[in-house]
Amino acid sequence: MRTSLRNKVISVCYKKIEQKGDNVGVSFYAFFANKNDDPALLMEAATWWIEKHQLDHFEKAKKIIELVKSESFSCK
1 MRTSLRNKVI SVCYKKIEQK GDNVGVSFYA FFANKNDDPA LLMEAATWWI
51 EKHQLDHFEK AKKIIELVKS ESFSCK
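Take the sequence shown: its letter number 32 is residue 32 in UniProt numbering, and every next letter is one higher.
It is possible that part of the hints are untrue.
[Stated by the list, open to error] In the PhoX-like style, the derived pairs of lysine-lysine whose C-alpha atoms are separated by at most 20 Å in a straight line are: (1) K63 - K16; (2) K69 - K35; (3) K8 - K60; (4) K52 - K35; (5) K52 - K15; (6) K20 - K8.
[To be verified] Computed beta-carbon distance windows for the label pairs: (7) E18 - E51: 27 to 33 Å; (8) H57 - G21: 26 to 32 Å; (9) S70 - N34: 28 to 34 Å; (10) E51 - G21: 27 to 33 Å; (11) A33 - R6: 15 to 21 Å; (12) K15 - K35: 18 to 24 Å; (13) M43 - N23: 16 to 22 Å; (14) K15 - H57: 25 to 31 Å; (15) S70 - A33: 17 to 23 Å.
Hints listed in this document are in silico derivations from the structure and should not be mistaken for laboratory results. On a predicted model such as this, the values are computed, not experimentally measured, just so you know. Virtual Cβ for every residue (Gly too), placed ideally from N, Cα, C.
Could you build all of it, start to finish, from the sequences and the hints given here?
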(Lines of atoms letter the chains of each structure in order from A and count residues from 1; the text may use other names and numbers.)
(Lines give C-alpha, C1' and ligand atoms only; values in the text may rest on other atoms or scores of the structure.)
Protein backbone atom coordinates (compact mmCIF):
# COMPACT_ATOMS: atom_id res chain seq x y z
CA MET A 1 0.00 0.00 0.00
CA ARG A 2 1.41 3.37 -0.97
CA THR A 3 2.43 5.74 1.82
CA SER A 4 -0.25 8.34 1.08
CA LEU A 5 -2.99 5.71 1.38
CA ARG A 6 -1.50 4.28 4.59
CA ASN A 7 -1.44 7.76 6.11
CA LYS A 8 -5.04 8.44 5.03
CA VAL A 9 -6.28 5.12 6.45
CA ILE A 10 -4.61 5.73 9.81
CA SER A 11 -5.84 9.33 9.97
CA VAL A 12 -9.44 8.43 9.14
CA CYS A 13 -9.46 5.56 11.63
CA TYR A 14 -8.17 7.77 14.45
CA LYS A 15 -10.77 10.42 13.57
CA LYS A 16 -13.58 7.84 13.63
CA ILE A 17 -12.37 6.52 17.00
CA GLU A 18 -12.27 10.06 18.38
CA GLN A 19 -15.81 10.76 17.14
CA LYS A 20 -17.52 7.47 17.95
CA GLY A 21 -15.39 5.56 20.44
CA ASP A 22 -13.04 2.59 20.54
CA ASN A 23 -15.47 0.08 19.05
CA VAL A 24 -16.24 2.00 15.86
CA GLY A 25 -16.18 0.01 12.65
CA VAL A 26 -15.01 1.22 9.24
CA SER A 27 -15.09 -0.07 5.68
CA PHE A 28 -12.53 0.76 3.00
CA TYR A 29 -15.06 3.18 1.50
CA ALA A 30 -14.53 5.42 4.55
CA PHE A 31 -11.20 6.52 3.07
CA PHE A 32 -12.73 8.01 -0.08
CA ALA A 33 -15.12 10.78 -1.11
CA ASN A 34 -18.52 9.85 -2.49
CA LYS A 35 -17.24 10.27 -6.04
CA ASN A 36 -14.78 7.89 -7.65
CA ASP A 37 -12.11 10.37 -8.75
CA ASP A 38 -9.16 7.97 -8.32
CA PRO A 39 -10.20 4.46 -9.36
CA ALA A 40 -6.66 3.07 -9.08
CA LEU A 41 -6.38 4.17 -5.45
CA LEU A 42 -9.82 2.77 -4.65
CA MET A 43 -8.83 -0.57 -6.21
CA GLU A 44 -5.57 -0.56 -4.23
CA ALA A 45 -7.52 -0.15 -0.99
CA ALA A 46 -10.09 -2.76 -2.03
CA THR A 47 -7.37 -5.26 -2.97
CA TRP A 48 -5.59 -4.73 0.34
CA TRP A 49 -8.85 -5.04 2.29
CA ILE A 50 -10.56 -7.89 0.42
CA GLU A 51 -7.88 -9.99 -1.26
CA LYS A 52 -4.85 -9.56 0.95
CA HIS A 53 -6.51 -9.57 4.38
CA GLN A 54 -9.94 -11.06 3.58
CA LEU A 55 -11.59 -8.58 5.93
CA ASP A 56 -15.33 -8.27 6.47
CA HIS A 57 -17.16 -5.24 5.09
CA PHE A 58 -16.87 -3.49 8.46
CA GLU A 59 -13.89 -3.96 10.77
CA LYS A 60 -12.86 -2.23 13.98
CA ALA A 61 -10.84 0.90 13.25
CA LYS A 62 -8.27 -0.15 15.86
CA LYS A 63 -7.69 -3.43 14.00
CA ILE A 64 -7.14 -1.58 10.71
CA ILE A 65 -4.64 0.80 12.34
CA GLU A 66 -2.70 -2.17 13.74
CA LEU A 67 -2.63 -3.94 10.36
CA VAL A 68 -1.47 -0.85 8.47
CA LYS A 69 1.19 0.03 11.04
CA SER A 70 2.53 -3.53 11.18
CA GLU A 71 2.90 -3.58 7.40
CA SER A 72 4.55 -0.18 7.23
CA PHE A 73 7.16 -1.28 9.76
CA SER A 74 7.84 -4.53 7.92
CA CYS A 75 8.36 -2.66 4.62
CA LYS A 76 11.22 -0.54 5.95
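Okay, the hints, checked on the actual structure:
| no. | hint | result |
| --- | --- | --- |
| 1 | K63 - K16 | holds, 13 Å |
| 2 | K69 - K35 | violated, 27 Å |
| 3 | K8 - K60 | holds, 16 Å |
| 4 | K52 - K35 | violated, 24 Å |
| 5 | K52 - K15 | violated, 24 Å |
| 6 | K20 - K8 | holds, 18 Å |
| 7 | E18 - E51: 27 to 33 Å | holds, 30 Å |
| 8 | H57 - G21: 26 to 32 Å | violated, 19 Å |
| 9 | S70 - N34: 28 to 34 Å | holds, 30 Å |
| 10 | E51 - G21: 27 to 33 Å | holds, 29 Å |
| 11 | A33 - R6: 15 to 21 Å | holds, 18 Å |
| 12 | K15 - K35: 18 to 24 Å | holds, 20 Å |
| 13 | M43 - N23: 16 to 22 Å | violated, 29 Å |
| 14 | K15 - H57: 25 to 31 Å | violated, 20 Å |
| 15 | S70 - A33: 17 to 23 Å | violated, 27 Å |
Violated hints, in rising order: 2, 4, 5, 8, 13, 14, 15; the structure is consistent with all others.
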